[in-house]
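Residue numbers (numbering that gives the first Met the number 0), protein chains in the order written: chain D, 0 to 463; chain S, 0 to 380.
It is worth saying that the hints were derived from the structure and are not from the lab.
Some clues are possibly wrong.
[Said to hold, decoys possible] Cut-off 25 Å, straight-line C-alpha distance, at most; resulting in silico cross-link-like pairs (SDA-like, lysine to any residue):
| no. | chain 1 | residue 1 | chain 2 | residue 2 |
| --- | --- | --- | --- | --- |
| 1 | S | K276 | S | H312 |
| 2 | D | K70 | D | Y31 |
| 3 | S | K105 | S | E41 |
| 4 | D | K27 | S | D112 |
| 5 | D | K27 | S | K105 |
| 6 | D | K26 | S | V116 |
| 7 | D | K81 | S | D112 |
| 8 | S | K189 | D | Q78 |
| 9 | D | K81 | S | P191 |
| 10 | D | K68 | D | D44 |
| 11 | S | K18 | S | P110 |
| 12 | D | K81 | S | P110 |
| 13 | S | K234 | D | I86 |
| 14 | S | K73 | D | I20 |
| 15 | S | K234 | S | V116 |
| 16 | D | K379 | D | S337 |
| 17 | D | K212 | S | A247 |
| 18 | S | K351 | D | I86 |
| 19 | D | K26 | S | D112 |
| 20 | S | K276 | D | Q251 |
[To be verified] Between beta-carbon pairs, the in silico distance windows are:
| no. | chain 1 | residue 1 | chain 2 | residue 2 | range |
| --- | --- | --- | --- | --- | --- |
| 21 | D | K68 | S | D228 | 37 to 43 Å |
| 22 | D | V275 | S | K276 | 43 to 49 Å |
| 23 | S | R72 | D | L448 | 48 to 54 Å |
| 24 | S | R72 | D | L30 | 34 to 40 Å |
| 25 | S | D352 | D | S452 | 49 to 55 Å |
| 26 | S | N187 | D | L30 | 43 to 49 Å |
| 27 | D | D74 | S | S218 | 21 to 27 Å |
| 28 | D | S34 | S | E119 | 25 to 31 Å |
| 29 | D | D74 | S | K363 | 56 to 62 Å |
| 30 | S | K363 | D | D236 | 48 to 54 Å |
| 31 | S | Q92 | D | D236 | 21 to 27 Å |
C-beta: ideal position from N, C-alpha, C; glycine also.
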Amino acid sequence: MMTNPWEQTLSALELELDPAIISTWFKKTNLYETSEDKLIIACPDAYSKNVIQSRYADKIKDILQELYKKKMDIDFIVQPEKIDEPISGPLFDEPPVIKQHVPINDNQYDTPTHLAISPIHNALNDAFTLDNYIVGVNNRVVHAAAMSVVENPGMIYNPLFIYGTTGVGKTHLLHAIGNEIQKRNPNFRVLYSSTEEFVNDLITHIRQRKEMKNFRDKYRQSDVLLIDDVQFLAKKDSSQEEFYHTFNALYQANKQIVIASDREPTQITQLADRLVSRFRGGLMVQISPPDYETRLAIIEVKSKEQKLNLSQSVIEYLAQQPTENIREIHGMILKLKSFAISHNQVLNLATVRSILDPNGESKVQKRRITPEVIIDTVTKYFETSLKDLCGKKRTKDVVIPRQMTMFLLRNELGLNLTDIGELLGGRDHTTVIHGYNKIKNSIEKENNLILRSHLKALRQQLFA
Amino acid sequence: MKVDILREKLYRASLLAGKVITTKSNLPILSNIALIANENGELILIASDLEVSVRLTLNAKVTEPGKITVPARKFIEYLASLNLEKVSLEVDQKQIEVISGDTRAKFVTMPIDEFPVLPETVSLEKKLLIERDRFKDAIKQVVFAAARNDAHPVLSGVLFEFEGSNKMNMVSTDSFRLSYRQLQVDTNIKDPLIIPARALTEIEQFISEASNFTEDVPSDVILSLSEGDNQLFFKYANIEVIARLLEAEFPNYKRVIPEEFSSTVNVNRLEFIQAIKRTSIFAAREGQAIKLEFSASNGEIKSSAQSVDVGSHSSVVRADIEGKDMTLGFNSKFILEGLESFKDDVIRIEIKDNTAPVKLSGAKNPDYIHIVMPMSLNSEG
Chain D
0 MMTNPWEQTL
10 SALELELDPA
20 IISTWFKKTN
30 LYETSEDKLI
40 IACPDAYSKN
50 VIQSRYADKI
60 KDILQELYKK
70 KMDIDFIVQP
80 EKIDEPISGP
90 LFDEPPVIKQ
100 HVPINDNQYD
110 TPTHLAISPI
120 HNALNDAFTL
130 DNYIVGVNNR
140 VVHAAAMSVV
150 ENPGMIYNPL
160 FIYGTTGVGK
170 THLLHAIGNE
180 IQKRNPNFRV
190 LYSSTEEFVN
200 DLITHIRQRK
210 EMKNFRDKYR
220 QSDVLLIDDV
230 QFLAKKDSSQ
240 EEFYHTFNAL
250 YQANKQIVIA
260 SDREPTQITQ
270 LADRLVSRFR
280 GGLMVQISPP
290 DYETRLAIIE
300 VKSKEQKLNL
310 SQSVIEYLAQ
320 QPTENIREIH
330 GMILKLKSFA
340 ISHNQVLNLA
350 TVRSILDPNG
360 ESKVQKRRIT
370 PEVIIDTVTK
380 YFETSLKDLC
390 GKKRTKDVVI
400 PRQMTMFLLR
410 NELGLNLTDI
420 GELLGGRDHT
430 TVIHGYNKIK
440 NSIEKENNLI
450 LRSHLKALRQ
460 QLFA
Chain S
0 MKVDILREKL
10 YRASLLAGKV
20 ITTKSNLPIL
30 SNIALIANEN
40 GELILIASDL
50 EVSVRLTLNA
60 KVTEPGKITV
70 PARKFIEYLA
80 SLNLEKVSLE
90 VDQKQIEVIS
100 GDTRAKFVTM
110 PIDEFPVLPE
120 TVSLEKKLLI
130 ERDRFKDAIK
140 QVVFAAARND
150 AHPVLSGVLF
160 EFEGSNKMNM
170 VSTDSFRLSY
180 RQLQVDTNIK
190 DPLIIPARAL
200 TEIEQFISEA
210 SNFTEDVPSD
220 VILSLSEGDN
230 QLFFKYANIE
240 VIARLLEAEF
250 PNYKRVIPEE
260 FSSTVNVNRL
270 EFIQAIKRTS
280 IFAAREGQAI
290 KLEFSASNGE
300 IKSSAQSVDV
310 GSHSSVVRAD
320 IEGKDMTLGF
330 NSKFILEGLE
340 SFKDDVIRIE
350 IKDNTAPVKL
360 SGAKNPDYIH
370 IVMPMSLNSE
380 G
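All chains, full assembly: derive it from the sequences and hints.
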């Protein structure tokens, strides 16, 4: 026996009729009742009932005859769609209750009783703070945005949408924002949740037929909601729906929302337009992978956190590793630490090399960054030539690439000044040190953004 | 089909009918207006988006009855561009010709067979009679507070709730604010109805515009329910609106209307509106709170806002305040729309605290109240 004759009929109709007709008139119809020789179909309103009855009844009867191998009668009734949804929103929600409890104290004369506000479970990892978040060129903007959010939650950038590839510190920043806001506003409900958690939570509530109110309260009553990896909402329609309402509820109540994603909202496949536009409604900032200097700083801080003493040369070696993923850098440090503990050995550059690159096949070496590679990269990048680089021209369009080459040869390959001079058309070592310092100072002391971006791009090309 | 009709009348009617057409449907026929000319000398215009439908009956000189549908937008645009007093409509094969003096246009049409058939309006027993102007006012006071987005379908409707056969409450809320209007009616309907706010907005316009294409404008409006109670019929002069009722449970609004207050403020409504309008310029981001400080001892309300992008502002309005001093944050749009929905010179504002709903009422008029939720203000705000 067929499972649902009406559904089968509809599939047959879909083959014959315009999709617009199906979606307008048939979409919300249901099988109401069946008997030996008759089907009763429920239509959501009188319009669809009238249309189906007058225009498509004969066609439907034909299809049914084929299905049942006999003549079937069909009838239609109007059965309006019932909207059944719990209403929430500021007027209808109970105000968030801040639970207070009085600590039980036997010796009530000694200690003054005070009201302590019980910490709300916020899922924040307190290891991630703004203090140990290293700010470099790659994340200066996002750090500034995070600071404004911390100082004025919900008031300035809402939502704050942070995106960047994996391992650039998005999760760290989310936790750090949460921790800092919580520190400054102990009464705030700060909630960190990965999108996966949000989705699972929703599914559990739906499956186990739990009160949706609990779910909604959890998310909608927070003062600060930090949502990680929002790209996982892709293709999850009902989660998107729920998230949309959560977002609106919080946004309209001026609660801060911070969202992290590995790509821009528009790049998330099958994300509802209304969510995309909401995500884009606040401030969108990108975290780029950390550049060399930032990697240095990160390694320094991370190794200190692990109580691992690394020499400057080791730190530089680690920063030169061809990864921009902080998680991988962190992994390297942990690897070194476990080695240091188990072998009780001081980590010098040679040991570190052998640990991280036991077969001597460092990716750095694989890429073979040679002086020629650097010169080649620079000339291509600045659209100049080796001849000009080695020549006598002193125009700006040659001088900067030339000095940049000096800087890179010294910094990335550790060549000595004389060798660098030789490579660049037999220049004096004092010329080289002048060129090197010029770039170094412009970047470090004068914070020359143009040079910085040149350097960053060049490094990316070298290490990519 | 062959019809002669006054251009202005046809244009006004088409324009109004066209308002119910939405871009929501992907069925092309729903962006058309149906034209039906009958032997009784009537030209009937029908438009529908399957939630709200309208049928306008105009007097016309019908030489040859007929039925056709025309694309609404272009048809209306074209009628607006004509300047002679009369137009003739003639259907030839599959086209309709619109002739006005020497100006002629032919529109591509669609056959009426594909147009939705409106629900029957015969033998309607459940009826609601409301005085026209009072109904218009009441609609204006409630529709703006209904939810506009699709987040809560129920809240996009207005509750009609009956107390006996002479009293009706109209309630709407988007969960941030709530409007409550009580009015005199004459009805035999007992169960509450939820009517889409959009349909009421159209109805309000139809009532206002009716005199443009009919001579007979009654002083009462009649609403009735279809068999099965799921469609609302509105009939006024030669206009009919059919709206699908929302089948849902309206939230318990009564528990939201506050009853205990710690401060009562009486303030000149227009002065207060002006102050808030000025302040809202400085609440740069949509939905950013403005700050209202109610000082009982100084007898004033200070309204202020600041934003990094614009700057800062504060205005002071004299007010009669009894009770505690209060500082509240508001969404300026909400508090403005709330205040603007009154007609009274003096408005009463009743406040419990900065997290509880605030009640607005006309100092003399008890039949309309508006509730608005304050927003949390940042300590710096």
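Here is how each hint holds up against the structure:
1. S:K276 x S:H312: Judged against 25 Å, a Cα distance of about 11 Å means the pair holds.
2. D:K70 x D:Y31: Given that 25 Å is the threshold and the Cα spacing comes to 19 Å, the pair holds.
3. S:K105 x S:E41: holds, 22 Å
4. D:K27 x S:D112: holds, 22 Å
5. D:K27 x S:K105: violated, 37 Å
6. D:K26 x S:V116: holds, 18 Å
7. D:K81 x S:D112: Roughly 30 Å separates the two Cα atoms, so the pair is violated.
8. S:K189 x D:Q78: holds, 21 Å
9. D:K81 x S:P191: holds, 15 Å
10. D:K68 x D:D44: violated, 30 Å
11. S:K18 x S:P110: At roughly 21 Å apart (the allowed maximum being 25 Å), S:P110 and S:K18 satisfy the hint.
12. D:K81 x S:P110: violated, 33 Å
13. S:K234 x D:I86: With a Cα-Cα distance of about 32 Å, the restraint between S:K234 and D:I86 is violated, given a limit of 25 Å.
14. S:K73 x D:I20: The given pair, whose Cα atoms are some 23 Å apart, holds under the 25 Å limit.
15. S:K234 x S:V116: Given pair S:K234, S:V116 holds - Cα atoms ~18 Å apart, limit 25 Å.
16. D:K379 x D:S337: violated, 43 Å
17. D:K212 x S:A247: holds, 18 Å
18. S:K351 x D:I86: holds, 23 Å
19. D:K26 x S:D112: holds, 20 Å
20. S:K276 x D:Q251: Between S:K276 and D:Q251 the Cα gap is close to 20 Å, so the pair holds against 25 Å.
21. D:K68 x S:D228: 37 to 43 Å: With a Cβ separation near 40 Å, D:K68 and S:D228 satisfy 37 to 43 Å, so the hint holds.
22. D:V275 x S:K276: 43 to 49 Å: At roughly 32 Å between Cβ atoms, S:K276 and D:V275 fall outside 43 to 49 Å, so the hint is violated.
23. S:R72 x D:L448: 48 to 54 Å: holds, 51 Å
24. S:R72 x D:L30: 34 to 40 Å: 38 Å Cβ-Cβ, so the 34 to 40 Å window holds.
25. S:D352 x D:S452: 49 to 55 Å: Distance hint for S:D352, D:S452 holds at roughly 53 Å.
26. S:N187 x D:L30: 43 to 49 Å: violated, 35 Å
27. D:D74 x S:S218: 21 to 27 Å: violated, 44 Å
28. D:S34 x S:E119: 25 to 31 Å: Given a distance of about 27 Å, which is inside 25 to 31 Å, the answer is holds.
29. D:D74 x S:K363: 56 to 62 Å: holds, 57 Å
30. S:K363 x D:D236: 48 to 54 Å: holds, 51 Å
31. S:Q92 x D:D236: 21 to 27 Å: violated, 46 Å
In this structure, the earlier hints numbered 5, 7, 10, 12, 13, 16, 22, 26, 27 and 31 are contradicted, and the remaining ones agree with it.
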